[in-house]
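Trainee: Residue numbers (this note's numbering), protein chains in the order written: chain A, 1 to 301; chain B, 1 to 320.
Since the hints were made in silico from the structure, they are not lab data.
Note that the coordinates shown come from a computational prediction; the quantities given were computed from them, not determined experimentally.
Since no wrong hints were added, every one of them can be taken at face value.
Result set (BS3-like, lysine-lysine): computed pairs, CA atoms no more than 27 Å apart in a straight line:
# : chain 1 : residue 1 : chain 2 : residue 2
1 : B       : Lys28     : B       : Lys84
2 : B       : Lys28     : A       : Lys156
3 : A       : Lys30     : B       : Lys130
4 : A       : Lys30     : A       : Lys20
5 : A       : Lys207    : A       : Lys181
6 : B       : Lys130    : A       : Lys20
7 : A       : Lys28     : B       : Lys130
A short, non-exhaustive set of chain B residues, derived as facing chain A with CB atoms under 8 Å:
#  : residue
8  : Ala141
9  : Ile150
10 : Leu152
11 : Thr265
12 : Val277
13 : Ile288
14 : Val292
15 : Phe295
16 : Leu300
17 : Ser303
Restraint-style ranges between C-beta atoms, simulated for each label pair:
#  : chain 1 : residue 1 : chain 2 : residue 2 : range
18 : B       : Thr221    : A       : Ser180    : 31 to 37 Å
19 : B       : Gln216    : A       : Thr152    : 50 to 56 Å
20 : B       : Ile48     : A       : Phe51     : 50 to 56 Å
21 : A       : Thr196    : B       : Arg7      : 35 to 41 Å
22 : A       : Lys28     : B       : Ser126    : 15 to 21 Å
23 : B       : Tyr123    : A       : Leu41     : 35 to 41 Å
24 : B       : Gly166    : A       : Leu274    : 26 to 32 Å
25 : B       : Ile48     : A       : Phe206    : 55 to 61 Å
26 : A       : Leu41     : B       : Ser70     : 57 to 63 Å
27 : B       : Trp2      : A       : Thr152    : 39 to 45 Å
28 : A       : Leu274    : B       : Trp181    : 30 to 36 Å
The beta carbon of each residue, even a glycine, is placed where N, CA and C say it ideally should be.
Each chain, written out:
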Amino acid sequence: MEQQVEQTVVAESTPPTGFKVILREFKKDKLAMFSFVFITLLIVGVMITAFFFVDQEAAMKINLLERYTEPGTAGYILGADEAGRDILVQLIIGAKNSLLIAISVTVISAIVGISLGIVTGYYGGFVDSLFMRIIDFFMTIPTLMFIIVFVTMIPKYTTIHLILIISIFAWVGTARLVRSKALSESRRDYVNASKTMGTSDFAIMFKGILPNLSSIIIVDLTLSFAGNVGIETGLSFLGFGLPPSEPSLGTLVSYATNPIVLAEKWWVWLPASLFILLMMLGINYVGQALRRAADAKQRLG
Amino acid sequence: MWKTILRRFLVMIPQLFILSLIVFIMAKQMPGDPFTGLITPETDANRIAELREEAGLNDPIVVQYYNWISGVVQGDLGKSYTYKRSVSSIIGERAYNTFLLSLLSAILVYLIAIPLGVLAGRYQNSFLDKSIVLYSFLSYAIPTFVLSLIFLFLFGYQFEWFPTSGTVDVSLEPGTMDYYWSKFYHILLPSITFALLGTTSIIQYLRTEIIDASGQDYVKTARSKGIPMRKVYSRHIFRNSLLPIAAFFGFTITGLLGGSIFIETVFGYPGMGQLFVQSIQSRDYSVITALVMLFGFLTLLGSLLSDIIMSIVDPRIRID
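Using the sequences and the hints, build the whole thing.
Mentor: This is the structure:
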C-alpha cells in the first residue's frame, strides 16, 4: 500500500520529457499525426521513386507530337507539357530537387545559425551586440530581392550556388532564436556550476546548453524547412531558381504564367501547385504541433 | 518620447549607409555600364571611352560611391538601358500602381484581421475560435504564388468574376467614374489574395493578447465591481489590446513589398514588383539597383515606423 502511494508520487513529480511529450502531443492531435506520416511517406516515396525508377534523361526529352496530351491518355497519367514531357515524372523529379535543396539549406543554416547563436549568446559582450546589429540588419532588408539579384549575378550558375545563396539569408532567424535562448540559459545555475568545476566553455556550450535547446531547435528547423521549400519553389516559379534542365516544383507552376496554360491546360501547373500546398500545410502543421509540445503552456496532451 | 524617436532615427543612419554600400558593390559587380545600351556598330570606341571618363567611371571607387549616393539622395537614379529613360520616371509610374495595390491590401488586412483576432480571443476554445486559428494557420502556411494562381484560375478564368491582368480597362476615358471603378475592380482580386495571406501575425497577436488580458487583475476588479463581462471586454480589454496593433503597420508595409513581386507577376499588374522581375529578365541593371535600394529603404522605414508607433502607444518601450 505504502509503496503504491510512493510510486504514484514519483510518477507525478517527474514530468514527461523529450520524445514522450512529442509523442503525447501527436497522439492527442490526430491531424498532426496524420500530417507527420503523410510528409514522411511523401519524402521517402519521392526520393525512392526519383532515384530508382525514373530516368531523368528520358523524361526531359522533347516530344512535340505528344504536346499538351490530356491526363489519362496514352500512358500519361497526368498528361504532358508544351514539349510533350510527362507531368507525373517531372513532378517526381521536381519534388526530389525541391526537397533536396530545402533540406540542404536547412542543414547549412542550422549548423551556422546554431553555432553562432550559442557562441554569441554564451559569451555576450561586445561581439554579441555587434552580432545583434548584423542580425537586425538582415531582418530588415528585402531578402527575396537580394537572393534574386545574387542568382542573376553568378556566371556559371548551378544548384550548389542556389543552395549557398539561399543559405546566406536563411541562417539569420535560427541564429537569433538560439542566441536569445542561449543567453538566458547561460545565466542558469547549472552553467555556473559547470564553470566552477572547470569544464571548458566549448563543452558547456555544446554538451550543456545545446541539449536543453534541442526542442526549440527542432521546432525552428521544421518551420524553416517549410519556409525553405517555399523560397525555392517561389524562386523557381519566378524563373530565378533551378536552371530549366533541372525541373523544380516551382518550374512546373511557372508554366501557368502563360495565360493559355493557366486557363486551359490546368494539368500542367495544378498538380505541382497542390503538391506544394499540401507539403507546406503538412510540414507547417507538424511544426505547430512540435511547438506546442515544446511549450508546456500550450500543450494539448 | 522624442529622445526615443531620435535615437531610433540615429540607428537607421548606419543601416542605410551599409545598405547603400552593399547595393553599390552589387551594382559594380554587375556586367555593363550606362553606355552598354548606347553601343551600336557605328559607335566609335574612343567616344565611348571619353563618355566613360566624363561620367567618372574611371574615378577612384570612393569618389564613384560619393557621386552615386549624392545622386540617389537627390532622386537621380541613373538611366535605364532598355527604356532609354531616367530610372526615376520609370519607377515613378510603377510606384503609383504598387501604392494603390498596397493601400487597398493594407486596409483589407486590418478589416479582416482585427474582427477575427478579437472574436477568437473573446470566445476562446469555441468552434469559432478554432476555425479562426485554423484560418490563421492556413494563411501562414500557403505560399503567395500558389494561392494567387489558384485564385486567378478560379475567379479570373473559370468564373470570370474578375479581370485577369492590367490596372484598368483601356477603352475607358480617364477621369470618369467608370474609369476609377475599373481601376478598383482590377486591384480587388490581388488585394484580397494579399490580405487573406497577410493577417496571420495580427490575428495571433490579438488573440493571445486578449486571452492574457482577461486573466489580469484589472479585469477581476472590474468584474467584482459588477461590470458585465461584455462591457469589460469592450471598454477595458479591447482598448488595451488594440493599440499595439497600430505598430504592425510598418511590418505590413514590409510584407506587402516582398509579396508584391509574386502578386504582381501572377496578376500581370504593372507595379514595382513586376518591374523588378522584368528588369532582371532584361538585365536592366540600373533599374535593378535602384529598386533594391528603394525597397531596402522602404523596409527600413517600415520598421522605423513600427518602432515609433510602438513607443507612442506603449510607454514601457520608451524606458532607456
